[in-house]
Amino acid sequence: AQSVTQLGSHVSVSEGALVLLRCNYSSSVPPYLFWYVQYPNQGLQLLLKYTTGATLVKGINGFEAEFKKSETSFHLTKPSAHMSDAAEYFCAVKKPGGYQKVTFGTGTKLQVIP
Amino acid sequence: EAGVAQSPRYKIIEKRQSVAFWCNPISGHATLYWYQQILGQGPKLLIQFQNNGVVDDSQLPKDRFSAERLKGVDSTLKIQPAKLEDSAVYLCASSLDVDSSSYEQYFGPGTRLTVT
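Note that the protein sequences, when read in sequence, are chains A and B.
Heads up: take any position in the first sequence, counting from 1, add 648, and you land on the working numbering.
Heads up: take any position in the second sequence, counting from 1, add 473, and you land on the working numbering.
This is chain A alone, in the form it adopts within the complex:
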């Protein structure tokens, strides 16, 4: 079975500081990995994804993540936090092939302090 662990249900950073949200996964095969953002009272929006190829992937709003197979990690980073980044972030994993479902982590709520 596949799973995702997000370390830290709440993370606070100062505006302009580095954002680092941690995600570790478990999968029996090389997975597809995703980061989604959810603003209050809205659905989830894809930030970035890793499927194949380059292990450092860049997404929207200045976010990026690096797939590290040896560490089974897919941490999300942004060099400088903006107030508008305050939201909840979900890491997700999917096995390639067929109708494999997407499994989400429990989420990390990011607070940006002015």
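Treat the hints as calculated values from the structure; they're not laboratory data.
Please note that the accuracy of each hint is not assured.
Stated by the list, open to error - Simulated pairs of lysine-lysine, DSS-like, Cα-Cα distance not exceeding 25 Å:
| no. | chain 1 | residue 1 | chain 2 | residue 2 |
| --- | --- | --- | --- | --- |
| 1 | A | K743 | B | K484 |
| 2 | A | K757 | A | K716 |
| 3 | A | K743 | B | K517 |
| 4 | A | K742 | A | K717 |
| 5 | B | K535 | B | K484 |
| 6 | B | K556 | B | K488 |
| 7 | B | K517 | B | K484 |
| 8 | A | K742 | A | K697 |
| 9 | A | K749 | B | K488 |
| 10 | B | K517 | A | K757 |
| 11 | A | K742 | A | K716 |
| 12 | A | K757 | A | K697 |
| 13 | A | K717 | A | K749 |
| 14 | B | K484 | B | K551 |
| 15 | B | K517 | B | K551 |
| 16 | B | K544 | B | K488 |
| 17 | B | K517 | A | K742 |
| 18 | A | K743 | A | K716 |
| 19 | B | K556 | B | K544 |
| 20 | B | K535 | A | K757 |
| 21 | A | K749 | A | K706 |
| 22 | A | K697 | B | K517 |
| 23 | B | K535 | A | K717 |
| 24 | B | K488 | B | K535 |
We have chain A; now place chain B onto it with these hints.
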């Protein structure tokens, strides 16, 4: 391109009542998903359709939940009778591909259900 539409956005019912949620996916998306998101948790897949056939409903509480996707487009999720623990946000999502490097799910705004 229009996104995934859901209605209603909010619903409050008493336990043992029934409720239905509607979802209209992005045009041309063959795969449709219903997720349950309980406060403080990530979305949990309830059911996945490919066109109008069910691909995965292993986590759907079939004694009270049902879903259909007639004609492979719109979908309805029903709960009957509702329990207090069904209070959650119900998210609908759709995707064009099932499995490729371009795979992506697009989510609707969700329906927030409160059972009292």
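Verification of the hints:
1. For a cut-off of 25 Å, the pair hint linking A/K743 to B/K484 is broken: about 34 Å separates their Cα positions.
2. At roughly 23 Å between alpha-carbon atoms, A/K757 and A/K716 fall within 25 Å of each other, so this suggested pair holds.
3. With a C-alpha separation of about 16 Å, the suggested pair A/K743 and B/K517 falls inside the 25 Å cut-off, and the hint holds.
4. With a CA separation close to 15 Å, the supplied pair A/K742 and A/K717 stays within the 25 Å bound.
5. Restraint check for B/K535 and B/K484: satisfied, since their Cα atoms lie roughly 21 Å apart, inside the 25 Å limit.
6. Annotation: proposed proximity of B/K556 to B/K488 holds, straight-line Cα distance about 5 Å (limit 25 Å).
7. Note on B/K517 and B/K484: the hinted pairing holds, with a Cα-Cα distance of about 20 Å set against a maximum of 25 Å.
8. Annotation: proposed proximity of A/K742 to A/K697 holds, straight-line Cα distance about 11 Å (limit 25 Å).
9. Simply put, A/K749 and B/K488 have alpha-carbon atoms about 30 Å apart, too far for the 25 Å limit, and the pair is violated.
10. For the proposed pair B/K517 and A/K757, the alpha carbon gap of about 18 Å is at most 25 Å, so the pair holds.
11. Between A/K742 and A/K716, the direct Cα distance comes to roughly 16 Å. Compliance with the 25 Å bound is thereby established for this hinted pair.
12. The suggested pairing of A/K757 with A/K697 holds, with an alpha-carbon distance near 19 Å, which does not exceed 25 Å.
13. Restraint check for A/K717 and A/K749: satisfied, since their Cα atoms lie roughly 20 Å apart, inside the 25 Å limit.
14. Proximity of B/K484 to B/K551 is assessed by CA-CA distance (about 13 Å); at most 25 Å being required, the pair is judged to hold.
15. For the hint linking B/K517 to B/K551, the alpha-carbon distance of about 16 Å falls within 25 Å, and the restraint holds.
16. Restraint check: the Cα-Cα separation between B/K544 and B/K488 comes to about 31 Å, which exceeds 25 Å; the hinted pair is violated.
17. Distance check on the hinted pair: B/K517 and A/K742 sit about 13 Å apart at the alpha-carbon level, within 25 Å; holds.
18. The hinted pair formed by A/K743 and A/K716 meets the criterion: a straight-line CA distance of about 16 Å does not exceed 25 Å.
19. About 30 Å separates the Cα atoms of B/K556 and B/K544, which puts this hinted pair outside 25 Å; it is violated.
20. For a cut-off of 25 Å, the pair hint linking B/K535 to A/K757 is broken: about 32 Å separates their Cα positions.
21. The suggested pairing of A/K749 with A/K706 holds, with an alpha-carbon distance near 24 Å, which does not exceed 25 Å.
22. Note on A/K697 and B/K517: the hinted pairing holds, with a Cα-Cα distance of about 19 Å set against a maximum of 25 Å.
23. For the hint pairing B/K535 with A/K717, the CA-to-CA distance comes to about 38 Å; that exceeds 25 Å, so the pair is violated.
24. Distance hint between B/K488 and B/K535 is fulfilled; the C-alpha atoms sit about 17 Å from each other, no more than 25 Å.
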